[in-house]
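Colleague: If you want the building blocks of each chain, they are given just below.
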Amino acid sequence: MRRYLVKRFLLMFPTLLGVAVFVFVLIRLLPGDVVQLRMAGEGGFVSEEAMQQERERLGLDRPIWRQFADWMSGLARLDLGVSMWTGRPVTYEIGIRFQLSLQIAIMATIIAIALALPLGTIAALYQDRWPDYAVRVFSIAGLAMPSFWLGILILLGFLIAFHWTPPMVYVPFWVDPWRNLSQLVWPALATGYRYSAVATRMTRSAVLEVLREDYIRTARAKGIRRKLILTRHALKNAMLPVVTVIGLEFAFLIGGLVVTEQVFNLNGLGKLFVDAVTQYDYTLVQGLVLLVAFVFILSNFAVDLLYAWLDPRIRYR
Amino acid sequence: MAIRALEVEEAAVTPGHVGRGVAAVLRFARRKPLGAAGATVVILMMLTAVLAPVVAPYDPLETHYDAMFAPPGAQHWLGTDSFGRDVLSRLIFGSRTALLVGFGASVIGATAGLIIGTASGYFGGRTDMVVQRILDVFLSFPLIVLALAVVAILGTGTLKVILAILVPMIPRAARVCRSSALAIRETPYVDAARTCGYGHVRIILRHMVPNVIPPYLIVLTAFLGQAILLEASLSYLGLGVQEPTPAWGLMLQGGAAEYAESAPWIPVFPGLAISLAVFAFNLFGDSLRDVLDPKLRTL
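Chains as they are written, first to last, in my numbering: chain B, 1 to 317; chain X, 1 to 299.
Derived from the structure by calculation, the hints contain no laboratory data. Glycine included, each C-beta is placed from N, C-alpha and C at the ideal position. Please note: incorrect hints may appear among the correct ones.
[Said to hold, decoys possible] A few chain B residues facing chain X, derived, Cβ under 7 Å: (1) V19; (2) F22; (3) L29; (4) F252.
Using the sequences and the accompanying hints, generate a full structural model.
Modeller: Shown next as structure tokens:
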């Protein structure tokens, strides 16, 4: 097991390098660049010379392998460089939005788990009876409804019923928890519903599978109370695939909320990504994509570690 | 289970056995009523899309400036939008866009994944290792981020949106098909084909791919709903299908606040259409998966 984990850990690096190369090349395939957009975008005539000077300042005139080497050597020192559009460090630009995206991701995860575990278990226990059908329809609906549309409906509902909109300005949780929550609970709900649907379905099928195992029958034959069988024998073993799904979805929430952020007018990582791409902000796009991929790979790894912790059979293999 | 899966597949694929095909469909409907309901909705949607000019009460592009923001009523069943265009007609024509993008992206994406995954599993060893690492790279982005990147490079429009959606689907399909291919590679008939001196391409396409069809179909149906959702998201952001093409995601544009007082039906109905379509595809896909391979849960 230890060897496997070490191997998994080491494999993270080639994957990240691949992501880095990929995004580096991809972003440079865009027609146009930041200098052209910023200077010529203002309408006036800009001399070719001035643009060339600006490109030199940003290092865009150098050969592509040189630019990549510079970026990599910066990365090795944990320096993501400076945004080509705002001139502020990439880490700063990401940092101020990361908080918001992370908070929504965490809240959505809590909502998802709180819904999925009980609903999925109930559905499995009452398989093919009405509670099961109700839960299944509820969760398939969650998968079918675009979460951004659910967001629109939530906003619409508040506007029509109470003439109220959630606050527009982000306030950190520790500054004003009430204001913070009244802004962020709604996007978390909209995304959490879909997320819970994925997790509910996984919980249901995992519990169903475990309930058919021999050791459950043995436990029943021994006369252990049903509740104990469920909590101690069934749920514990059914959690493995559920943990995987939750881990993967969580990672996607960090960078994948582009549309929901748009609906709720939130200034998060998704919006930052779209802005950075449309502004040809190479350094920012690179840093952002690398971060999202890193979070994803890391949570994959964390899921593996959790597996080992939850299932001793894996640990001792 | 494997035998049953083969049965279904054979019945569906072999030409000239119409009777058996019908029997398989009937058996599926009896065993999986929810799946059959989903399939029925999908078929109805296809019919609507094909017959759109006949079914739709108005031209989806025709503007009625005397009836802007008209509420749902006898004239316009689902109301009109800010240009006075009939919402119902736009929904009906929008199903063309949704199905075109959904099927186009899923079929091409899943098929490309099928071939890449099967080939990777067939060759194994170093080739497999390299392909897997490349797939890892693609898999470490959220779907929408990769799709946005493709749109940024190619630009917007229906065909480019299909491309943007199918690219992130390839590695996901390849992953699933590869794991089936790994098992098939060890079977005697692949060995036999190799001993006969057949080329790699022939063995992969003629001997392995047909046996990876069950997981392929599962992936394909799972993608259909996702592709429609993704198209709606991209179009909503203004980075997908472009006006005046009727598309459901596009119809949601404009924000809740703008319509709350004047015309709440404008954002409500397109969302319902998207949800219904994805719901139907998911129901069908779920049941198909139960029949073909119940072990395959993570998609």
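Colleague: Hints first: check each against the structure and report whether it holds.
Modeller: Against the structure, the hints:
| no. | hint | result |
| --- | --- | --- |
| 1 | V19 | 5 Å, holds |
| 2 | F22 | 6 Å, holds |
| 3 | L29 | 5 Å, holds |
| 4 | F252 | 4 Å, holds |
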